[in-house]
Each structure stands twice: as C-alpha cells, then as structure tokens.
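Protein chains in written order, with the numbering used here: chain A, 1035 to 1191; chain B, 203 to 628.
No wet-lab data here; the hints were simulated from the structure. Every residue gets a Cβ at the ideal spot worked out from N, C-alpha and C, and that includes glycine. Careful: at least some of the hints might be erroneous.
[As the list claims (entries may be wrong)] Examples of chain A residues toward chain B, derived with CB under 7 Å:
| hint | residue |
| --- | --- |
| 1 | 1093 |
| 2 | 1094 |
| 3 | 1100 |
| 4 | 1102 |
| 5 | 1103 |
| 6 | 1106 |
| 7 | 1121 |
| 8 | 1155 |
| 9 | 1158 |
| 10 | 1159 |
| 11 | 1167 |
| 12 | 1169 |
| 13 | 1172 |
| 14 | 1173 |
| 15 | 1176 |
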Amino acid sequence: MLSNEERMEIEEELKAVPFKRAASIDALKVVQRHRGWVDDQGLKDVASMLEMPPSELDGVATFYNLIFRRPVGSHVILVCNTISCWMMGCEDLLKRLTERLGVPLGSTSADGGFTLLPVPCLGACDQSPVMMVDGKLYGNLTPEKVDEVLKENGWKG
Amino acid sequence: MEGLSERPLTAMMKADKSAVTLSEYEKAGGYQALRKALKTGPVELQRIVKESNLRGRGGAGFNTGMKWSFVPMNAEGPRYLVANADEMEPGTFKDRMLLEGNPHQLIEGMIISAFAIGASQAYIFLRWEYTLSEERVAKALKEAYAKGYLGREILSSGFGLDIRLHVSAGRYICGEETALLNALEGRRAVPRAKPPFPQVSGLWGRPTVVNNVETLSNVPHIIANGAEWYRKLSRSEDGGTKLYGVSGRVRRPGLWELPMGTTIGEIFEEHAGGMREGMNLRCLIPGGASTEFLTDEHFGVKMDFDSVMQAGSRMGTGTMIAVDDRTCPIGVLRNLEQFFSQESCGWCTPCREGLPWVEKTLGAIEEGRARPGDLEVLEMHGASLWIGRTYCALAPGAMEPLRSGLKLFRGEFERHIKEKGCPYRH
C-alpha cells in the first residue's frame, strides 16, 4: 500500500501531465524518495494509479540507471568511471572505496550504510576524478579525500 | 556590462560560481530581448536566428532557425519546446556552467524560442545528477513566474508559456532527441524512427522543437543585438561564440567562452596550458566521446562544425578530452566502448549485440588474451555499426573513436597482442 504522503505526492505529479503515463518516472521517484528503492508492491500500486500494466511500468523502472529496483544503503555513492575520470585515477578511488566498504562495485556494505555504484560521466570533467554521495558532488578526489568524504557521511570504519 | 559584447554567454557569470540573480540579470539587460521579441513576431524571429547562423550546440550543428522553420505554424493544437539539459556526453561539462551560473539566460532564451514556434508549453529535460542545476533552475522559474515573464499572459503580450522542469532518471540515450521525447512521455527512452521529425510529430505526436541548453542561451543575445553582430563574434562561418572545454592531464582543465572558430592549438595550449610537466599529448578527442581522435598535427584546425569535419572528426560538444602519452590508448578505447555498450538502449540489434562484443574484444587485447583475427573483428564492427545500419547515432558515435583508433594506434594494438598484455600497466 502506498502511504498517504506517497499517494498525495503522486497525485500532485499527475496534475501536471496531460496523460497519466507521463508521470511514471516522477511517480517512481516519489516511492524511491520515501523507501530508498522501489519494491514490487510499490511498483504495482503506482502502476494501478497510473492505469498501466505493472510489467510495462517495470519496463520503464528498469530502463533507467537511477530507479533502484533493489534495496540500497542509507547512502548511495556514484563514482564516475568514464573517460576523463578514468584517465585521472578513478580506479584508485574505486580501489579505496571497495577496500573501506568491504564490497565490490555494485554492492551495499554489510552494515547497510553505503551502496557503491558506477555512473557515466558526471559532467564535471574539469574536477576529475569525481563522485557523488546522495546527490552532492565531490571533485578533485584522491584516495585520502575519499576517506574524508566517507567520514563526512557517517562512515565509522 | 563589460565583456558582454564579446562573451555574451558568460560575461555576467560570477567568480564565486553562485547563480546570477534575477535583479543582476535584469540590470545587465536581461529580459529586454524578450520584450523586443514579443513585438517582433514569430516569423521574423525565425529569420533573424537563421541568419545569425547559430548552429545546434548539442553536437549535431544544425542551423537553429532552420530547425524552427520546419514547425507547421498554422496547425491546430499544441506545440512544444524542449530544452535538452541531459548533458551526458563523456567529457562534456559546458551546459552545467550555463544551468548553474545563469538559469535566467536559459529561461529567457526558451520564452523567446517558444514564442518563435508558437509553443505554449515547454520542458527542461535535466539529468538527475545535476542537483545544483535543479535547485537553481527551479528557483529561477519561480522568480520568472512571479515577475510575469512566464504564465498565461507574458508582459501583456497575449502570449502565454508554461515551463516545466523534468528531472530524468539517468540514461545517456535520453540526450537523443526522439528518445528524450519518449522519456518525457513516461516510456522507455528508446529512439523513434525519423521521419517524421519531431518538428512535425514529436511529443504526443505534436510539433516539437528540442534545442540544447547552450543553443537556447544564445537566443536572447541574438535578438538583443542582431544577426550580423552575432555572426561577427565568430572567426568562421558559424555564428557566435562557443563554450570550449578541455579535460584530462592538462595544466588548467576548464571552460572558456571564445569566438567560434578559435583553433584547437589555441584552446589547448593557451587556455588549458598544454599537458602537465613531463607528459606529452598523444591525441585528443575534440568534442565528447563520440568523435574521432585528432593529434597535434591538427592544432591549426579551427574549432567549428565544418572545419573539424574537414579534418576528419566532429566538433561535437566542443569540449576536448586530452589523452597523454602515459595513458594506454587501448585502455582509452576500452573505457569509451564500455560506456557506449552499457548505455546502448537495446532497441536495435547491431548496437545491443555489437557494442558488448567490441568491449569484450578490446578487454581481451588489453589483458593479453587476444586471439588471431581480433583486430578484424573490431574493423568489421566499425563498418557494421556505422551510419545507416542502426536506429540512431549512438552506435555510429561509438564507432568514431574506434575506427580512428584502429588506424592511429595500430602499433599499440600490435604491441599488446605480441606482448600478451598492457605495457602501460607494468
């Protein structure tokens, strides 16, 4: 069941579009904002509000990189691994992050604190290498600075 | 304002990188072009922009006024304008500067452009990761509504426009204009067949123009100062200035607004300061990942759409990636193809199946697992994923660096195969 807040926020999105389907990405984001990810029941409930078959909405949900159909940690780290950041040492950042969090890229740390994901070019190539934590951009990174960013986000190490 | 006549896009921007406020924008002449435009009329606006020779800054370089002129102006029903702010071309970070630094410039450009094509609804299609842009554009939109620059009746002109900010959920293909329209309709962002072109049948089957952020940000200045002034800003046939950028191991990575047609050498050496101490330039990718490599032999080439094309590549987004001689060029290609392979939308077979094959073959060569015939496999893909073989430009774009890399780095490929591994990793 969608919470009242989720339902109200989705209805708000529906007001702004000429066809219900057009709100599908925004509606999925509402659920993700509240739950951290989009679970099966949430997806079915949104589909019913949008009058779409759940399979079709899942086709939309799974198409986009940043709609999560599996649980993620309290913080989501997106590390750019595209060309400029790759040349500027993103592999060193990834090595440090996977060591510190004890999991490979694409996974969530055992304590549920952090999910580590690759992301295509973040459009901040003059500050390479870069990463984002919960929507905040960090540039000109080194493995040492990665430790500081982790601590800033509550990593106990 | 000082510099505004030479660097219209960025002269107003602030050193502390905070956004130009509405009052600062107005004080520097902002929203005056809108007043002028509303008195000028759509057909005349289209003519001025066409004559200015403003060419699409998203990378394709199509004449903007010409693009607008394909919209059927007497058709019944709604028409749409979309600002493409889904900046995701690897190595490209120019629209971020315009979105974060001066969102009102974009909004004014959108209102004028929407008026020129008779659109009463517009969208800004923004990538999710541009969170600061989202915050600043949303604030600027609110201010523009409060001041009567947006809404049902703009400055008592009888023209009304609503602009809605759509924040995407992340996928490179959304930057392709027809895939972007599918995303706005709430569908999987796969490209559509052309024709019909979006100007005739776009969003919900209605006439739609999709323009890049930098393109739209130029429009107020063209209307304020005229087509001739705009053409004279340039050192080449294409009009205006251009936001050029350089990233990689250069002394001063960054962005600069310079006359269109500034040479590659000037941008690279004078503005980016050349390579860092102890490194040499191996090659550069002139305009985002999907363009062919150039080298220092091309320093004299003007960075404009036609000149770079004649040199065998494309200007694309105008933001260069400099590759140094300590970085493995096969690794560069592998990284680029890994990106394209991941971001293929999967809609058409050559792209969905071919790009992972290319990526794996490059991986095998780099890791010393090459097999006889691997280079021929790569060459075969360079032909079979080329223009005309796929639904959209993603796969041909992916083949541009590969095709040129196969020629330029032939010796490096052979060395990797012979030595069974990457000599740069030792």
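Hint check:
Of the supplied interface hints, the one on residue 1093 (chain A) holds, with its beta-carbon coming within about 6 Å of a beta-carbon of chain B, less than 7 Å. The criterion of a C-beta within 7 Å of any C-beta in chain B is met by residue 1094 (chain A), whose closest approach is roughly 6 Å, and the hint holds. Hint on residue 1100 (chain A) holds. Least Cβ distance to chain B is approximately 4 Å, under the 7 Å limit. Violation of the interface hint for residue 1102 (chain A) is found here, the shortest Cβ-Cβ separation to chain B being roughly 10 Å, above the 7 Å cut-off.
Annotation: interface hint on residue 1103 (chain A) violated; nearest CB of chain B at approximately 12 Å, more than 7 Å. Interface restraint check for residue 1106 (chain A): the shortest CB-CB distance to chain B comes to about 14 Å, outside 7 Å, so the restraint is violated. Nearest Cβ of chain B to the Cβ of residue 1121 (chain A): about 5 Å, under the 7 Å cut. The hint holds. Of the supplied interface hints, the one on residue 1155 (chain A) holds, with its beta-carbon coming within about 4 Å of a beta-carbon of chain B, less than 7 Å.
Restraint check, residue 1158 (chain A) versus chain B: the minimum CB separation of about 6 Å is within 7 Å; hint holds. Taken as an interface hint, residue 1159 (chain A) checks out: its beta carbon lies about 4 Å from the nearest beta carbon of chain B, inside 7 Å. A hinted interface residue such as residue 1167 (chain A) counts as satisfied when its beta carbon comes closer than 7 Å to some beta carbon of chain B; here the least separation is about 11 Å, so the hint is violated. Using the Cβ-Cβ criterion of 7 Å, the hint placing residue 1169 (chain A) at the interface with chain B is satisfied: the shortest such distance is roughly 4 Å.
Interface restraint check for residue 1172 (chain A): the shortest CB-CB distance to chain B comes to about 12 Å, outside 7 Å, so the restraint is violated. Among the interface hints, the one on residue 1173 (chain A) is violated; its C-beta lies about 10 Å from the nearest C-beta in chain B, farther than the 7 Å criterion. A hinted interface residue such as residue 1176 (chain A) counts as satisfied when its beta carbon comes closer than 7 Å to some beta carbon of chain B; here the least separation is about 15 Å, so the hint is violated.
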